[in-house]
Amino acid sequence: MAKFLVKKILAMIPMLLAISAMVFFALELTPTDPINYLISPDMASSAGNIEALRESLGLNDPAIIRYFRWLFNLIRGDFGYSIISGTSIREIIMLRLPATLELALVSLVLSTIIGIGIGLLSAINQNGWIDYVGRVMGVVGISIPQFFFGIVVIQIFAIQFGWLPFGSRMAPGQTAFFDRLHFMVLPAFTMAIAMTAALLRYTRNSMLDVLNKDYIKLARSKGIPEWKVYLKHAFRTALRPVLVILIFRLPILIGGSIVIESVFSWPGIGSVILSSISAGDYPVIMVTTLLVAAAILISSIFVDIATALLDPRVRFE
Amino acid sequence: MKKQKTTTSSMAKRTWQKFLKNKLAMLGLIVFVVFVLASLGAPILTSFDPNKINLANISRSPSWTHILGTDRLGRDVFSRILYGGRISIFIGVVSALSGTIIGVVFGSVAGYFGGKIDTLLVRISEIFLTFPQMILILVMVSFLGPGISNLIIIFSVTGWMTTFRMVRNEFLSLKEETYVEVSRAFGISDTSIMFKQILPNTMSPIVVAMTINIANFILQEAGLSFIGLGVPSTLPTWGNIINAAKSVEVIRNFWWLWLSPGLVISVFVLAVNFLGDGLRDVLDPKQ
Chain A
1 MAKFLVKKIL
11 AMIPMLLAIS
21 AMVFFALELT
31 PTDPINYLIS
41 PDMASSAGNI
51 EALRESLGLN
61 DPAIIRYFRW
71 LFNLIRGDFG
81 YSIISGTSIR
91 EIIMLRLPAT
101 LELALVSLVL
111 STIIGIGIGL
121 LSAINQNGWI
131 DYVGRVMGVV
141 GISIPQFFFG
151 IVVIQIFAIQ
161 FGWLPFGSRM
171 APGQTAFFDR
181 LHFMVLPAFT
191 MAIAMTAALL
201 RYTRNSMLDV
211 LNKDYIKLAR
221 SKGIPEWKVY
231 LKHAFRTALR
241 PVLVILIFRL
251 PILIGGSIVI
261 ESVFSWPGIG
271 SVILSSISAG
281 DYPVIMVTTL
291 LVAAAILISS
301 IFVDIATALL
311 DPRVRFE
Chain B
318 MKKQKTTTSS
328 MAKRTWQKFL
338 KNKLAMLGLI
348 VFVVFVLASL
358 GAPILTSFDP
368 NKINLANISR
378 SPSWTHILGT
388 DRLGRDVFSR
398 ILYGGRISIF
408 IGVVSALSGT
418 IIGVVFGSVA
428 GYFGGKIDTL
438 LVRISEIFLT
448 FPQMILILVM
458 VSFLGPGISN
468 LIIIFSVTGW
478 MTTFRMVRNE
488 FLSLKEETYV
498 EVSRAFGISD
508 TSIMFKQILP
518 NTMSPIVVAM
528 TINIANFILQ
538 EAGLSFIGLG
548 VPSTLPTWGN
558 IINAAKSVEV
568 IRNFWWLWLS
578 PGLVISVFVL
588 AVNFLGDGLR
598 DVLDPKQ
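Chains as they are written, first to last, in the working numbering: chain A, 1 to 317; chain B, 318 to 604.
Since the hints were derived computationally from the structure, they do not count as laboratory data. There's no promise every hint is true.
[Unchecked claim] With the C-beta cut set under 10 Å, the calculated list includes, among others, these residues of chain A facing chain B:
{"hint": "1", "residue": "I154"}
{"hint": "2", "residue": "I258"}
{"hint": "3", "residue": "L297"}
{"hint": "4", "residue": "A306"}
These numbers were taken from a predicted model, which means no experiment stands behind them. The C-beta atom is built at its ideal place from N, Cα and C for all residues, glycine as well.
Using the sequences plus the hints, can you model the full thing?
Set out below in structure tokens:
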């Protein structure tokens, strides 16, 4: 197990280096002066001689040296500064990330329960009415633009009935989780739609595959009750590929949150990226992107561990 | 030679008959064709200029003259949807096509030659897959700027990986087949073996993936234009029309500004997805 982990982590390092180098050199291509995002604006304005400061920061060094220095600072948690507001990028991320994660997590839980649940029922009652509904949901869910779905639910639940708020994360001053839970209902459901549909399709196909296997027929012929066949024998095997898809879908959740956050004025990372793009705030865009990519790479290790734990054929080698 | 031709044509005939029987796929194909024809025939179907601003006639609800109403600049929404379809569908189809070409070329090279070039291409595809597609697209938009041709470039560059992996895996197994060895023994060039001998055997999954990509790219374009980073707002596209509905005031008072373009996008993408699913059922020999 330890050996397996070390090997995975070692394999990840060149990827991280390649991605961070891409981000660094892309930043170099932008018309942004590094002096504006590497140090805080106070420090820059208090220094009398910008050229001397540039020299002392090593900004005139060759690109490769500057890259490694930048990377080292990133690892230490020094992400640089926004060129528009002058705030440290680390602060921006710390402030906004919880909102995005909260939304992603809630819609992940929602879509996992609904998607896997309906997918399994669909497969068990193949060609029955549940299956029919499930299959229609599966295609419709990936065909409706998320923002359109968002607008429709705002119109119905926030405007017509007035049951739920149509945007933002909380009412002023009410920060407790349960006080702001109803703010999350519409965005979380909207975000869950596409993911639910995809999970539903995968679960259904995977379960159907397993139900056609010989060992299921054997189990049935032995007179094991039908529900036991499903739960104890088919379910576990069928869920393995679904789990992998589930974790691989995380990036889509984060990507999808950009549009959702815009529809519901949700104050998360997505809206930071969006406003940074409009403002041309390249350091913020690139560093957030890099962090997202790093997070995804790290979560892919968890996929490997989970698959290895669930599948006896995969050994920790 | 003649005999071979009759077998392929009967294969195609059988596939076609299977396709005709697949009701959802047929429905998808019909809707697709109708939408494409409607947007191409826009000048026949409507007499309104999609870009003509008429400030005397703003935000009118649907009526006999303006069957889907007018927007906040007095432009006819029906006409904008028809003309917008041209750009939205064009972007979706061309991006899917060029993404597929990139995926096919890289995939065949990687799978056929293997070794260093294979490792390199697989690594590149992994790097691309590490970023959420939407974020990758946004980063590229921030560098290249919005616009139709830039969107097509960005979509193709970010959407080739699935096809690449599929083609590569097919090539890895197919290159061991006897007919490839025979072709090689005859001295047929590598390019010819790759694209004339092996590639035709991998066409079905490629076509299915491309169909799904069309649906996907139309959704992406709509999403990008909705947040204002897609096609410049002076051109009508489905996403740009619905872009008006970014304020609660519009959602509340002017339902025709977002409901009809939203439904048009949904129905069209649904049709393309039905078509893709149907093609998969028909073309997959395992079914």
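Exercise. Which of the numbered hints above does this structure break?
Worked result: The structure conflicts with hint 4 only, although it agrees with all the remaining ones.
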